[in-house]
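Guided by the hints, dock chain H onto chain S, whose structure is given.
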Amino acid sequence: MSVKTLKYEAKGAQTLLREVMDKSGQNLLACYQCRRCAAGCPVGEETGVTPDRLIRMILLGDRGEALSNLLVWKCVACYTCGTRCPNNIQTARITETLKQMSKKEHLEPLRPRIADFHNAFMKATGHMGRFNEIEGMGIYEAKTALKELKKGNVGAIIDEMKNQAKLGMTMMKKKRMHFKVDKVKNKAEVKALYRKAKPGKGA
Amino acid sequence: MELAYYPGCSLHASSELYDIQCKMVFRNLGIELREIPDWNCCGATAAAKTDDFLAIALPARNLGIADATGLSEIVIPCSSCYSRTLVSQQRLSCDPELKESINAELGRKVEGNIKVSNILEVLKPRVTSGEIVEKARKKLEGLKPACYYGCLLTRFPCDVPVTDDVENPQGMEIICRSLGAEPVDWSYKTDCCGASASVNDAEQSLLLMSRIMKDAEARGANCFVTTCPLCQFNVDAYQEQVAQKYGLGKRLPVYFITELIGIAMGFDAVEMQVDRHFVDAMGLLKELKLI
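Listed in order, the protein sequences are those of chains S and H.
For the first sequence, the tail end lands on 378 under our numbering, and the numbers increase by one without skipping.
For the second sequence, the tail end lands on 300 under our numbering, and the numbers increase by one without skipping.
Derived from the structure by calculation, the hints contain no laboratory data.
Please read all numbers here as calculations on a predicted model, not as lab measurements.
C-beta: ideal position from N, C-alpha, C; glycine also.
Please note that a few of the clues may not be correct.
List of simulated lysine to aspartate or glutamate pairs, EDC-like, C-alpha gap at most 16 angstroms [unchecked claim]:
1) S:Lys350 <-> H:Glu25
2) H:Lys153 <-> H:Asp224
3) S:Lys349 <-> H:Glu280
4) S:Lys198 <-> H:Asp104
5) S:Lys298 <-> S:Glu308
6) S:Lys350 <-> H:Asp289
7) S:Lys350 <-> H:Glu280
8) S:Lys371 <-> H:Glu114
9) S:Lys373 <-> H:Glu114
10) H:Lys295 <-> H:Glu150
Far from chain H, some chain S residues (derived; all Cβ distances over 12 angstroms) [stated by the list, open to error]:
11) Lys179
12) Gly187
13) Ala188
14) Gln189
15) Leu192
16) Arg238
17) Thr255
18) Glu280
19) Glu283
20) Gly301
21) Ile332
22) Thr345
23) Ala367
Partial chain S-side listing against chain H, Cβ under 8 angstroms, derived [unchecked claim]:
24) Tyr183
25) Pro217
26) Glu221
27) Cys260
28) His293
29) Leu342
30) Lys360
The following block holds chain H by itself, in its conformation from the complex:
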């Protein structure tokens, strides 16, 4: 089958590895990801904070392009892109005037038909159906991930259907368990890493991350796993700074969910670019004899 695909800016830049892994894992599940042509930035949090019109209009242009593909579903792996696109679609469905005003500028008009999905929404049913386990070549034994969801996968600024439990989502745990890993139970799975505050309000962001990292360590996790490129980048790239400032016993690698599925599927770790993490992500896999 074919799904429309919106990588967003970070999957074309610092989180290119996530783009590569998504394509590898989905292809092995029989899903071709068709990147929508000439997409633009969703505006992320910056648009919401600076301009109400652009916050809706930027994702709307992508929705128009996605609708024009004729495909029924678009998957958006980045939590922020997913959230902004879903919010835009919902807003346009109940504000025909705004929709008309935006459509007037667009070559491919927003119809609002395509289903906007996050990555776990597409993967979870394939755990239930047994497809993911069927494709697995090895068990992720010894891996104890702290499944980190962050903010934007389950919390929205308006009424949209939420695909997991808001306070205690389980999507990643279900996938990890099916592959033989033992996800830990912990308290900070939906807490905020600060997002762009790591750049513009660093003290605040480091404090927020220290709480997340300390709890994961205290609960006996030996790694993090996430679906959001910004969460991944922050918890990975700033872990050393947090350790220096707040004291951490261990450094935990921060995997994308696609990395763990890919390793279980028997993909080559280097081909998946697992060696592009800040906190060494290859060592633990070697230690557990998963690669």
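Isolated chain S (complex conformation):
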């Protein structure tokens, strides 16, 4: 296994660290690399980057790696790392923060489907005030299909459609599919919160 050398960028180190600490509310300087977080991380094996490594990247000012590594995208927000951290650092808050920073800098997500899913969820929620599974999944699948189409991966689209159709049919059979639209009456209030979150942009 090859390990990438972490780069130290003196100038960027302080600003990156401060930015992540401010936005996540986590004191990264308290990490003494005991790696209890790494031992409990359910996706650590697949990402190759464990929470302790992520904290080191930030401390060393490696902005490129910190904003674009598999842990940032594949983190399942199970909060095991933070619960076991002897210094109460919630690394899941750090991955959430880095995801938002990466979006703000218009970096291509390493796992576009994960990003698309969460964006679709928020779009559907903003639309009706409640998350309607058919609407949310529809937005997500359309986004995903369009991206695959642009890359010419028709096979991937067909596979995805087959999988979802299979699950959908079983859900229908088990009466777990819900067709009635569930919505908030006072949608204006929910939309006002969305506007406040992103001034200048509607829900």
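Chain H alone, transformed into the frame defined by chain S:
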């Protein structure tokens, strides 16, 4: 007595059966669940991952509505909704500026008074007091559930009171034992099923679920029991796929805790919609002569 109630989106959709069962079980315990009016989605994990403001503000609107009911406690059966609401309440209590900014948009302002409870918090004291056993019509003999808690009932991204042991919670075991079931001791009760990764990072989620399912089987469980609709859906709906990919000897039904309590209380299984599971959940109950 009356409790405020937040069902959340999944209890109005794919996990509607959990909503029905909650109301049936609580009513039999003398608790009326009053659904708070015009609630919105809590934002779930998606808000936390995409927008720090909405992650607090969406549950805050519900908290304002809940405070306005004048009731002292709100029960939230979905682990994700529970976690997000509790985290929002805690954050607003220590960030008056944020609270003011959110309240400025709300008709019903967040006071922060109402106690936010998960379902086990409400049920457990009723085991201790003997109320649940008193209402039981039959013993759940032969049922060996693997009590599956998942992530969000005991682990939080900030300091909030945790209502059970973080690494080895016992709430569901206490309830199951009091009803005559024999919950198994196992190692994956608080492990992550992947949540929405089952949709957007399927390989990862199936791997996580395979570990959970294999351990439950190895420990001799004959079913799962859970309180979280997302855990329930994943472990139930994807069990066949996990079996094909990783090899499982058995298929275990995945019950909601309310189903087991309801069966013990003598409710009709079909009325509780136990027949809406992906892995057949009626067969085992019939085999054990519980229905």
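We went through each hint and held it up to the structure:
1. Distance check on the hinted pair: Lys350 of chain S and Glu25 of chain H sit about 10 angstroms apart at the alpha-carbon level, within 16 angstroms; holds.
2. Straight-line distance between C-alpha atoms of Lys153 of chain H and Asp224 of chain H comes to about 14 angstroms, which keeps the hinted pair within the 16 angstroms bound.
3. For the proposed pair Lys349 of chain S and Glu280 of chain H, the alpha carbon gap of about 14 angstroms is at most 16 angstroms, so the pair holds.
4. A C-alpha spacing of about 14 angstroms is found between Lys198 of chain S and Asp104 of chain H, which places the hinted pair at or below 16 angstroms, so the restraint holds.
5. At roughly 12 angstroms between alpha-carbon atoms, Lys298 of chain S and Glu308 of chain S fall within 16 angstroms of each other, so this suggested pair holds.
6. Simply put, Lys350 of chain S and Asp289 of chain H have alpha-carbon atoms about 13 angstroms apart, close enough for the 16 angstroms limit, and the pair holds.
7. Using a Cα cut-off of 16 angstroms, the hinted pair Lys350 of chain S and Glu280 of chain H holds, with the two alpha carbons roughly 14 angstroms apart.
8. Between Lys371 of chain S and Glu114 of chain H the alpha-carbon distance is near 9 angstroms, which keeps this suggested pair within the 16 angstroms criterion.
9. Restraint check: the Cα-Cα separation between Lys373 of chain S and Glu114 of chain H comes to about 14 angstroms, which is no more than 16 angstroms; the hinted pair holds.
10. Between Lys295 of chain H and Glu150 of chain H the CA atoms are separated by roughly 12 angstroms; this keeps the pair inside 16 angstroms, and the hint holds.
11. Listed as a non-interface residue, Lys179 of chain S keeps its Cβ farther than 12 angstroms from every Cβ of chain H; the least gap is roughly 22 angstroms.
12. No beta-carbon of chain H comes within 12 angstroms of the beta-carbon of Gly187 of chain S; the shortest separation is about 23 angstroms.
13. With a least CB separation of 23 angstroms from chain H, Ala188 of chain S remains clear of the 12 angstroms interface cut-off, as annotated.
14. Chain H leaves Gln189 of chain S outside its interface by the beta-carbon criterion, the shortest separation being 22 angstroms against a cut-off of 12 angstroms.
15. At the 12 angstroms boundary, the C-beta of Leu192 of chain S stays outside the reach of chain H, the nearest C-beta of that chain being 18 angstroms off.
16. The beta carbon of Arg238 of chain S sits about 20 angstroms from the closest Cβ of chain H, which is more than 12 angstroms, so the claim that it is off the interface holds.
17. A cut-off of 12 angstroms between C-beta atoms contradicts the statement that Thr255 of chain S is not in contact with chain H; the least separation is 6 angstroms.
18. Against chain H, the non-interface label of Glu280 of chain S holds: every CB pair exceeds 12 angstroms, the least being about 15 angstroms.
19. Interface exclusion of Glu283 of chain S from chain H stands, the closest Cβ pair being 16 angstroms apart, more than 12 angstroms.
20. Residue-level check failed: Gly301 of chain S sits 9 angstroms from the nearest beta carbon of chain H, not beyond 12 angstroms.
21. No Cβ of chain H approaches the Cβ of Ile332 of chain S within 12 angstroms, the least distance being about 15 angstroms, so the stated non-interface status holds.
22. For Thr345 of chain S, the shortest C-beta to C-beta distance to chain H comes to about 6 angstroms, within the 12 angstroms cut-off, and the non-interface label is violated.
23. Residue placement check: Ala367 of chain S does not keep its beta carbon more than 12 angstroms from all beta carbons of chain H (closest about 4 angstroms).
24. Because the smallest distance between the Cβ of Tyr183 of chain S and any Cβ of chain H comes to about 29 angstroms, over 8 angstroms, the interface hint for this residue is violated.
25. At a threshold of 8 angstroms, the smallest CB-CB gap from Pro217 of chain S to chain H is about 5 angstroms, leaving the interface hint in force.
26. With a cut of 8 angstroms, the hint placing Glu221 of chain S at the interface with chain H holds, because the nearest CB-to-CB distance is about 6 angstroms.
27. The restraint placing Cys260 of chain S at the interface with chain H is violated, with a minimum CB-CB distance near 11 angstroms, outside the 8 angstroms limit.
28. Taking 8 angstroms as the C-beta cut-off, the interface hint given for His293 of chain S holds, the closest approach to chain H being about 4 angstroms.
29. Restraint check, Leu342 of chain S versus chain H: the minimum CB separation of about 7 angstroms is within 8 angstroms; hint holds.
30. Hint status for Lys360 of chain S relative to chain H: holds, with the closest Cβ pair at about 5 angstroms, below 8 angstroms.
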